[in-house]
Amino acid sequence: MINQNDAALSAVNPITVNCGESIDISVVMAWREKLLEILSAKSAVLLEANSVEKFDTAGLQVMVAFIKDAKVQGLSVQWLNPSDVIRRAATLTDLTTALELPDVI
Amino acid sequence: MANILAVDDSASMRQMVAFTLKGAGHNVTEAGDGQEALNLAKSNSYDLVLSDVNMPNMDGITLTKELRTLSSFKFTPILMLTTEAGLNKKQDGKSAGATGWIVKPFNPEQLLATIKKVLS
Amino acid sequence: MTIDMEQFKTTYIEESHEGLEVMESKLLEMDAGETDEDAINSIFRAAHSIKGGGATFGFSDISNFTHVVETLLDEIRNGERVINQEAIDLFLTSVDVIREMLTAAQKGEAIDEARASDVKQQLEKMLGTQADDPATLVETQANPNNVGWDIHFIPFPEMLTRGNDVVRMFRELGELGAFDVQADLAKLPTLKDLNPEECHIGWKITLTGSVLRDQIDEIFAWVEGDCELIITPLADTKPTKQDAKRQSQAKQPPVKVTAAAERRVGAGAESSSIRVDIEKIDALINMVGELVITQSMLSQLGEDFDMGRCEKLLKGLGQLERNTRELQESVMRIRMIPISFAFNRFPRMIHDMCGKFGKKVVLKLSGESTELDKTVMEKIGDPLVHLVRNSLDHGIEMPEQRVAAGKPESGTVHLNAFHQGGNIVIEITDDGAGLDKDKIFAKAVEKGLVEASTVLSDDKIYDLLFQPGFSTAEQVTDISGRGVGMDVVKRNILALGGSVEVATELGCCTTFTIRLPLTLAILDGQLICVGDETYIIPLISIIESLQVDKKSVSAIAGKAELYKLREEYIPIIRFHHVFGVHTEKISLENGLLVVVEGNGYKAALLVDDLLGQQQVVIKSLETNFRKIDGVSGATILGDGTVALILDVAGLIRVAQSGKHQHPLNTIENDGVAA
Numbered sequence: 001m002i003n004q005n006d007a008a009l010s011a012v013n014p015i016t017v018n019c020g021e022s023i024d025i026s027v028v029m030a031w032r033e034k035l036l037e038i039l040s041a042k043s044a045v046l047l048e049a050n051s052v053e054k055f056d057t058a059g060l061q062v063m064v065a066f067i068k069d070a071k072v073q074g075l076s077v078q079w080l081n082p083s084d085v086i087r088r089a090a091t092l093t094d095l096t097t098a099l100e101l102p103d104v105i
Numbered sequence: 106m107a108n109i110l111a112v113d114d115s116a117s118m119r120q121m122v123a124f125t126l127k128g129a130g131h132n133v134t135e136a137g138d139g140q141e142a143l144n145l146a147k148s149n150s151y152d153l154v155l156s157d158v159n160m161p162n163m164d165g166i167t168l169t170k171e172l173r174t175l176s177s178f179k180f181t182p183i184l185m186l187t188t189e190a191g192l193n194k195k196q197d198g199k200s201a202g203a204t205g206w207i208v209k210p211f212n213p214e215q216l217l218a219t220i221k222k223v224l225s
Numbered sequence: 226m227t228i229d230m231e232q233f234k235t236t237y238i239e240e241s242h243e244g245l246e247v248m249e250s251k252l253l254e255m256d257a258g259e260t261d262e263d264a265i266n267s268i269f270r271a272a273h274s275i276k277g278g279g280a281t282f283g284f285s286d287i288s289n290f291t292h293v294v295e296t297l298l299d300e301i302r303n304g305e306r307v308i309n310q311e312a313i314d315l316f317l318t319s320v321d322v323i324r325e326m327l328t329a330a331q332k333g334e335a336i337d338e339a340r341a342s343d344v345k346q347q348l349e350k351m352l353g354t355q356a357d358d359p360a361t362l363v364e365t366q367a368n369p370n371n372v373g374w375d376i377h378f379i380p381f382p383e384m385l386t387r388g389n390d391v392v393r394m395f396r397e398l399g400e401l402g403a404f405d406v407q408a409d410l411a412k413l414p415t416l417k418d419l420n421p422e423e424c425h426i427g428w429k430i431t432l433t434g435s436v437l438r439d440q441i442d443e444i445f446a447w448v449e450g451d452c453e454l455i456i457t458p459l460a461d462t463k464p465t466k467q468d469a470k471r472q473s474q475a476k477q478p479p480v481k482v483t484a485a486a487e488r489r490v491g492a493g494a495e496s497s498s499i500r501v502d503i504e505k506i507d508a509l510i511n512m513v514g515e516l517v518i519t520q521s522m523l524s525q526l527g528e529d530f531d532m533g534r535c536e537k538l539l540k541g542l543g544q545l546e547r548n549t550r551e552l553q554e555s556v557m558r559i560r561m562i563p564i565s566f567a568f569n570r571f572p573r574m575i576h577d578m579c580g581k582f583g584k585k586v587v588l589k590l591s592g593e594s595t596e597l598d599k600t601v602m603e604k605i606g607d608p609l610v611h612l613v614r615n616s617l618d619h620g621i622e623m624p625e626q627r628v629a630a631g632k633p634e635s636g637t638v639h640l641n642a643f644h645q646g647g648n649i650v651i652e653i654t655d656d657g658a659g660l661d662k663d664k665i666f667a668k669a670v671e672k673g674l675v676e677a678s679t680v681l682s683d684d685k686i687y688d689l690l691f692q693p694g695f696s697t698a699e700q701v702t703d704i705s706g707r708g709v710g711m712d713v714v715k716r717n718i719l720a721l722g723g724s725v726e727v728a729t730e731l732g733c734c735t736t737f738t739i740r741l742p743l744t745l746a747i748l749d750g751q752l753i754c755v756g757d758e759t760y761i762i763p764l765i766s767i768i769e770s771l772q773v774d775k776k777s778v779s780a781i782a783g784k785a786e787l788y789k790l791r792e793e794y795i796p797i798i799r800f801h802h803v804f805g806v807h808t809e810k811i812s813l814e815n816g817l818l819v820v821v822e823g824n825g826y827k828a829a830l831l832v833d834d835l836l837g838q839q840q841v842v843i844k845s846l847e848t849n850f851r852k853i854d855g856v857s858g859a860t861i862l863g864d865g866t867v868a869l870i871l872d873v874a875g876l877i878r879v880a881q882s883g884k885h886q887h888p889l890n891t892i893e894n895d896g897v898a899a
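Just so you know, the protein sequences line up as chains B, E and Y, in that order.
Each residue of the first sequence is one higher than the last, beginning at 1 in my numbering.
Each residue of the second sequence is one higher than the last, beginning at 106 in my numbering.
Each residue of the third sequence is one higher than the last, beginning at 226 in my numbering.
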């Protein structure tokens, strides 16, 4: 699908996003702004998410919307070491695929 | 563990709640009515608020409404401690912005099981 | 962890003694017939704490006794009962009894049960109840096979903002049994259009294992009213409550009874087959016969065609069009079933509720044979139940009140259905107390829904009934105190493309009128064009179309454009701005306005041109693409192009929020507050 051209794109200069500790409803407004900015940069994205401790429904939703939009624009988004909290929340809500979380090795 | 604000005008209830929660490793701040709780909330932040409904000075419903107007309490879980009969009026609590309720009487085990629902 | 309650008992007894002192002194200050609100509130709170603590710390006799005192006090507090000297005396005696009980508990002595039960009886007599009657509604818990549950769960946007979280709820569900979940992202907007504090994802869950309905209800209890929730038992799809009449109608959808009905909102568990009258099938076969004849006539005509037979060809094509339309109508008719399917449940429901309330009500049904689409029928069932229940609960007065008001002892609830234009109209009329607009307004102010200074027309006041968080029940009953509110009723009806209105006369009657499209599959639309695009406005939303008269346009503070139509100022929405379409016709001068109404708001849409009107088949945009605000679906036109069908209420909302999608927006053309 789209993945072939964005492999080339991401090779150029991926933006790395440090996800911090929280992607939850208390900070989700700021996350939306940040993710919109990233989308407008039209670059590949690496989500560094190993230390995310708080990830709730609102957090899941904003990430799903972001990844969906990035896909439409042909941008590659990759997770780097998503934390267990992220994986568990995604599994419970059937959003693992929509979030494009990598398989556990 | 979590910072919890426990609000009840009954000292015995407050003691029981605080003792139970502290026993489970939480930090508990006690308030004797809604006004006292609101004053505390303005200068502190909590992960959870447990509040009785019927209290002098400021009741639990008004407290909830007031807390929801503070930016630091916009999404904080707020549970009403209410009786079975009060459950019929739970819509008041809900529309004031409460997350849920715990039905009185409850024992320490029930209290801990319920707050687990809102503390991750 | 086990905690010894003993250590709190001393505190409880001490504070209860203090509470009793407060009760005593306030009671002694009180005058019969006058309700001193502050005093009553203090007395109530003291009793409430004594009762609650008693139950918590193991003094159930104190708790049970004080419960009756508290209930009486609550009635006085709510203005349902006047405090007389007899009540004051009895409360004072009660204070003594509670005090004796506390002292006995403190010393570990037995209480004087005879005295306590004597006073309790006097209290109950005053209350007018015989012992506790925790009458519950029909239990729908029964799921004998109990293999599991199907759960449809669609949070309303605002659900997350009160601290509830789907992830935590699902974690609890997962602890009950084997848990399989499917997310539905169809309604998730783009990141740009997303308000991230709102929830736009829905879920379908299959929970297998021996799980009680109560366990699931408990997990969802806090979000009841904040979501669409349908819980159906797996495999066992038999009705939970059956009566002979229903059984005889083989293809009845799963029966939704009372308590269950309150929860089930929106799309129900729909049965997949339908019972069709043989007449309808015969009509269909006739129609196909005629179509075959027309087809063979046309093909004969085509075999040796010359221009001389052009007129005959046109005539044949006209006949083909007629056949097609008739065929379409016949096919649609197959899905139509009489509304008696929905009405049938009410006689029993009214009977049960009358018994419960001590009210007398005669149910009148008319127009039961009026037909509507099966899907619409299934979705209107629950809102109807709620409205009928509402009429009984809040509308019809108690028999003695009715007689005092010079009305017949028995009230009447009348359900009437009829066709009007392309709609089915269902009226629920009761000859009860009517709606008191002052009371409704006061309640809305109290609930913070409107400012006390707002001036509202009568219609707008009645409309407050449908606002979230509104309930007119002075006395919260177990019938209407739970379950969905009128706001959910309205939301469900709007979701079906319908409307609900209320008309009332104080002391006389109330009528709720529901208007619904006969079918959800086809819509009468007005085609309009803007730039190169064609859009469809549902005919039902259009009030009129007009040429702009420059004199009627006014701008408020350079921000909003309004159009004066007769006595009303209607905001102008420049269609090309909202949808970001390029067009030459951007001037209001000589422009064309289509005045539309959605959800009670009017707007004037500036469009390039009006094209024809036609019936269009609705295709879902959500399942094929994603939800777009202001658009309810799409259709394929005769020439094969796709046209979007406008959701007028949504469009007005989008325009007013200024959340336009086109970068060329200028501030002058932003939305206007209605």
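Treat the hints as calculated values from the structure; they're not laboratory data.
Misleading hints may appear alongside valid ones.
[Said to hold, decoys possible] Computed list of lysine-lysine pairs in DSS-like fashion (alpha-carbon distance at most 30 Å, straight line):
#1 Y:K505 x Y:K585
#2 E:K127 x B:K34
#3 Y:K589 x B:K68
#4 Y:K827 x Y:K852
#5 Y:K234 x E:K127
#6 E:K170 x B:K54
#7 Y:K417 x B:K71
#8 B:K71 x Y:K234
#9 Y:K664 x Y:K585
#10 Y:K599 x Y:K589
#11 E:K170 x E:K147
#12 B:K34 x E:K179
#13 B:K34 x Y:K417
#14 E:K170 x Y:K672
#15 Y:K429 x Y:K776
#16 E:K179 x Y:K417
#17 E:K221 x Y:K234
#18 Y:K412 x B:K34
#19 Y:K789 x Y:K776
#20 B:K68 x Y:K844
#21 Y:K810 x Y:K852
#22 Y:K429 x B:K68
#23 Y:K505 x Y:K540
#24 Y:K417 x B:K68
#25 B:K71 x Y:K412
Each hint tested on the structure:
Simply put, Y:K505 and Y:K585 have alpha-carbon atoms about 41 Å apart, too far for the 30 Å limit, and the pair is violated. For the hint linking E:K127 to B:K34, the alpha-carbon distance of about 39 Å lies beyond 30 Å, and the restraint is violated. Of the supplied pair hints, the one linking Y:K589 and B:K68 is violated, its CA atoms being roughly 53 Å apart against a limit of 30 Å. Taken as a hint, the Y:K827 and Y:K852 pair is honoured in the structure, with Cα atoms around 23 Å apart against an allowance of 30 Å.
Between Y:K234 and E:K127 the CA atoms are separated by roughly 19 Å; this keeps the pair inside 30 Å, and the hint holds. Between E:K170 and B:K54 the alpha-carbon distance is near 25 Å, which keeps this suggested pair within the 30 Å criterion. The straight-line distance between the Cα atoms of Y:K417 and B:K71 is roughly 14 Å, inside the 30 Å bound, and the hint therefore holds. Taking the CA atoms of B:K71 and Y:K234, the gap is about 63 Å. The hint is violated against a cut of 30 Å.
Restraint check for Y:K664 and Y:K585: the C-alpha separation of about 25 Å stays at or below 30 Å, so the hint holds. A C-alpha spacing of about 23 Å is found between Y:K599 and Y:K589, which places the hinted pair at or below 30 Å, so the restraint holds. Between the alpha carbons of E:K170 and E:K147 the distance comes to roughly 14 Å, so the proposed pair stays at or under 30 Å and holds. For the proposed pair B:K34 and E:K179, the alpha carbon gap of about 21 Å is at most 30 Å, so the pair holds.
Taking the CA atoms of B:K34 and Y:K417, the gap is about 11 Å. The hint holds against a cut of 30 Å. Proximity of E:K170 to Y:K672 is assessed by CA-CA distance (about 11 Å); at most 30 Å being required, the pair is judged to hold. The straight-line distance between the Cα atoms of Y:K429 and Y:K776 is roughly 55 Å, outside the 30 Å bound, and the hint therefore fails. The straight-line distance between the Cα atoms of E:K179 and Y:K417 is roughly 23 Å, inside the 30 Å bound, and the hint therefore holds.
Restraint check for E:K221 and Y:K234: satisfied, since their Cα atoms lie roughly 26 Å apart, inside the 30 Å limit. Proposed proximity of Y:K412 and B:K34 is supported: the alpha carbons are some 22 Å apart, at most 30 Å. Restraint check for Y:K789 and Y:K776: satisfied, since their Cα atoms lie roughly 9 Å apart, inside the 30 Å limit. At most 30 Å may separate the alpha-carbon atoms for a hinted pair to count; B:K68 and Y:K844 meet this at roughly 23 Å.
In summary, the hint linking Y:K810 to Y:K852 is supported, as the alpha carbons are separated by about 28 Å, within the 30 Å threshold. For the hint pairing Y:K429 with B:K68, the CA-to-CA distance comes to about 21 Å; that is within 30 Å, so the pair holds. At most 30 Å may separate the alpha-carbon atoms for a hinted pair to count; Y:K505 and Y:K540 meet this at roughly 28 Å. A hinted pair counts as satisfied when its Cα atoms are at most 30 Å apart, and Y:K417 with B:K68 qualifies at roughly 12 Å.
With a CA separation close to 17 Å, the supplied pair B:K71 and Y:K412 stays within the 30 Å bound.
Going through the hint list in order, the structure does not satisfy hints 1, 2, 3, 8, 15.
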